[in-house]
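Chains as they are written, first to last, in our numbering: chain A, 1 to 324; chain B, 1001 to 1303.
Everything labelled a hint here was simulated from the structure, so no lab data went into it. Since we're looking at a predicted model, the values are computed, not measured. There could be a bad hint or two in this list.
[Unchecked claim] Pair ranges (Cβ atoms, derived):
| id | chain 1 | residue 1 | chain 2 | residue 2 | range |
| --- | --- | --- | --- | --- | --- |
| 1 | B | ARG1209 | A | ASP66 | 54 to 64 Å |
| 2 | A | GLY130 | B | VAL1286 | 40 to 50 Å |
| 3 | A | ASP219 | B | MET1205 | 13 to 23 Å |
| 4 | A | PRO120 | B | ARG1209 | 46 to 56 Å |
| 5 | A | TYR61 | B | VAL1295 | 25 to 35 Å |
Ideal placement from N, C-alpha and C gives every residue a C-beta, glycine not left out.
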Amino acid sequence: MIRFENVEKVYARGARPALDGVTVDVARGEFVFLVGASGSGKSTFLRLVLREERPTAGRVYVAGRDLSTISSWKVPSLRRSIGVVFQDFRLLPNKTVYENVAFALQVIGRPRHVIKTTVPEVLEMVGLDGKEKRRPHELSGGEQQRVAIARAFVNRPQILLADEPTGNLDPTTSLGIMRLLDRINRTGTTVVMATHDDEIVNEMRKRVVELKTGTVVRDEAVGSYGERESILPTIGGTPVLDAPGRNQPAIRVTPEPADLEAERAAEEAAERAAAEHAGPLVPVPAEPPVRTRRAAAAARRYPADDVVQQVLAENSRARAGREG
Amino acid sequence: MRLQFVVTEVLQGLRRNVSMVISVVLVTFVSLTFVGSAALLQTQVDKLKDDWYDLVEVSVFLCPNGSTAPTCAAGEATEEQIDALRTVIDTELADVVAQTYLETKADAFAAFSERYPDGYQGTQLTEDDMQASFRLKLVDPEQYQVVADVLTGREGVEVVEDQRAIFQPLFLALNRASLLAAGLAGVMLLAAVLLITTTIRLSAMSRRRETGIMRLVGASNLFVQLPFLLEGAIAAVVGAVLAVGGLWLGVKYFVTDWLQQSVNWVAYVTVGDVLLVAPLLIGIAVALAVVSSVVTLNRYTRV
Chain A
1 MIRFENVEKV
11 YARGARPALD
21 GVTVDVARGE
31 FVFLVGASGS
41 GKSTFLRLVL
51 REERPTAGRV
61 YVAGRDLSTI
71 SSWKVPSLRR
81 SIGVVFQDFR
91 LLPNKTVYEN
101 VAFALQVIGR
111 PRHVIKTTVP
121 EVLEMVGLDG
131 KEKRRPHELS
141 GGEQQRVAIA
151 RAFVNRPQIL
161 LADEPTGNLD
171 PTTSLGIMRL
181 LDRINRTGTT
191 VVMATHDDEI
201 VNEMRKRVVE
211 LKTGTVVRDE
221 AVGSYGERES
231 ILPTIGGTPV
241 LDAPGRNQPA
251 IRVTPEPADL
261 EAERAAEEAA
271 ERAAAEHAGP
281 LVPVPAEPPV
291 RTRRAAAAAR
301 RYPADDVVQQ
311 VLAENSRARA
321 GREG
Chain B
1001 MRLQFVVTEV
1011 LQGLRRNVSM
1021 VISVVLVTFV
1031 SLTFVGSAAL
1041 LQTQVDKLKD
1051 DWYDLVEVSV
1061 FLCPNGSTAP
1071 TCAAGEATEE
1081 QIDALRTVID
1091 TELADVVAQT
1101 YLETKADAFA
1111 AFSERYPDGY
1121 QGTQLTEDDM
1131 QASFRLKLVD
1141 PEQYQVVADV
1151 LTGREGVEVV
1161 EDQRAIFQPL
1171 FLALNRASLL
1181 AAGLAGVMLL
1191 AAVLLITTTI
1201 RLSAMSRRRE
1211 TGIMRLVGAS
1221 NLFVQLPFLL
1231 EGAIAAVVGA
1241 VLAVGGLWLG
1251 VKYFVTDWLQ
1261 QSVNWVAYVT
1271 VGDVLLVAPL
1281 LIGIAVALAV
1291 VSSVVTLNRY
1301 TRV
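Based on the provided sequences and hints, a complete structural model is requested.
Below is the structure:
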């Protein structure tokens, strides 16, 4: 789906390359974490996939297209097969939730009846059913990110790129976002996610590609985040400072009720879709996306609130363990 | 869907920076009024030429008695010289001259007597005081110089005169006026281009979020840029329409209703001419807007 062949990217002449001989192959339907310190080339990687940048050397193939030779008028069609989610959500503040998602379809000229059916569908999937008329500033961070994901996914792209989607969110809300991304991954969408969030990476047990000063230093099929100290060497024991967004005072141990509600709604939507077997969004009645099997079983048994409480407890246990 | 979306975007954009849009409208209005004035002045000059050049002739004055011109050293033009000149006019100038008429001294005196039956300024002139001349009507009055080149200096020709010379000062004045208008129009058009550029840049800046998302979700270049382009074009066209309206009023009240009434023997530009100029002005406005927006947009909203 995405193939990098010896890709090199130098932004300014004479500067250290942002990417240096990167060769990565991401198969269709894979879920890949891109980890590494700030400046290791994660964002450049994503920008190259979007063809916001062109490689200085080497070749980038995305969805069967060679991006080094693609003509600029074909770039829009490439981007229609890619959804993108950012740390800062990038929603339009003067548009409602519904309009924000519909915008993505309007500007690529989708007919109105398609928009009328797809947008509510995708909003239900992300758990924002009933909040169509809200504006972004009336939503919690988690909900805003769900809108952004809905917007990225509404056109059913083959690839979803996420640049630190949980960077601005508290751990529990992040977890909800990760479940959503996982659910999208199960529909066959290739997901590439750049992140600093070690908990998430360790819990998901997905492929991990680690970049360091522009080169791939690790590529494990079922990987963990790795040692924070080696990935984020200059920061040492306080990696929080290195993760943009993490340093915001908005870190809450207790997630916003709205986030929990959205998570519950999304979960229910997924279960409904699974139960009906009509779910175009969730074809496989999947095991819960994150956590261990034990936690997954628990998640099945308890209502979502309890799951969240349990997850919270486990989170704090894990953190206490690491810090102690 | 697309159309409705684009229209909404355009209206939003126009509303968002009303003051800039108004300034674009005004500047295009003024500059295109100058362009239109220059065009109308030229039309006026052409009309006058059409009208008056039909009346004018080239006069080839033949040597009278006692002329000091070098070609007249032999005294009054002889029959042979006149015949030779006629041959030259009929052969060498056959393409240029439409009509030849020889005004003899007798003809000249007859015309003179008719015009001044009581004598000219108190002196009674005789037929011998008159001067014989060829009156040449040219196919194209502008080709006077050809005739002058061929005939000047021939034996028996004293001087070749172009009656157009009478109108020259007027045409010169009108031409200079239209040049001045065109020059001012040029400056104003430059201002219009810069202003449109700035307006579109501001508009693009204020909607950077939108355009950024549009690019990311794969909107085509045209779709991203079209609203901005239309904004500029609409403002410029409104300016052009105002300019046409202004010129129409000017011609109607200043020329048709006033000049025409007071000096009525001249053919003036009419409101019909204004309507002929209108497509030109609107075309210029659209071209200005499109060129300046494409240049700006390629720098600020490139995919």
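Hint check results:
no.: 1; hint: B:ARG1209 to A:ASP66: 54 to 64 Å; in the structure: violated, 31 Å
no.: 2; hint: A:GLY130 to B:VAL1286: 40 to 50 Å; in the structure: holds, 47 Å
no.: 3; hint: A:ASP219 to B:MET1205: 13 to 23 Å; in the structure: violated, 41 Å
no.: 4; hint: A:PRO120 to B:ARG1209: 46 to 56 Å; in the structure: violated, 24 Å
no.: 5; hint: A:TYR61 to B:VAL1295: 25 to 35 Å; in the structure: holds, 34 Å
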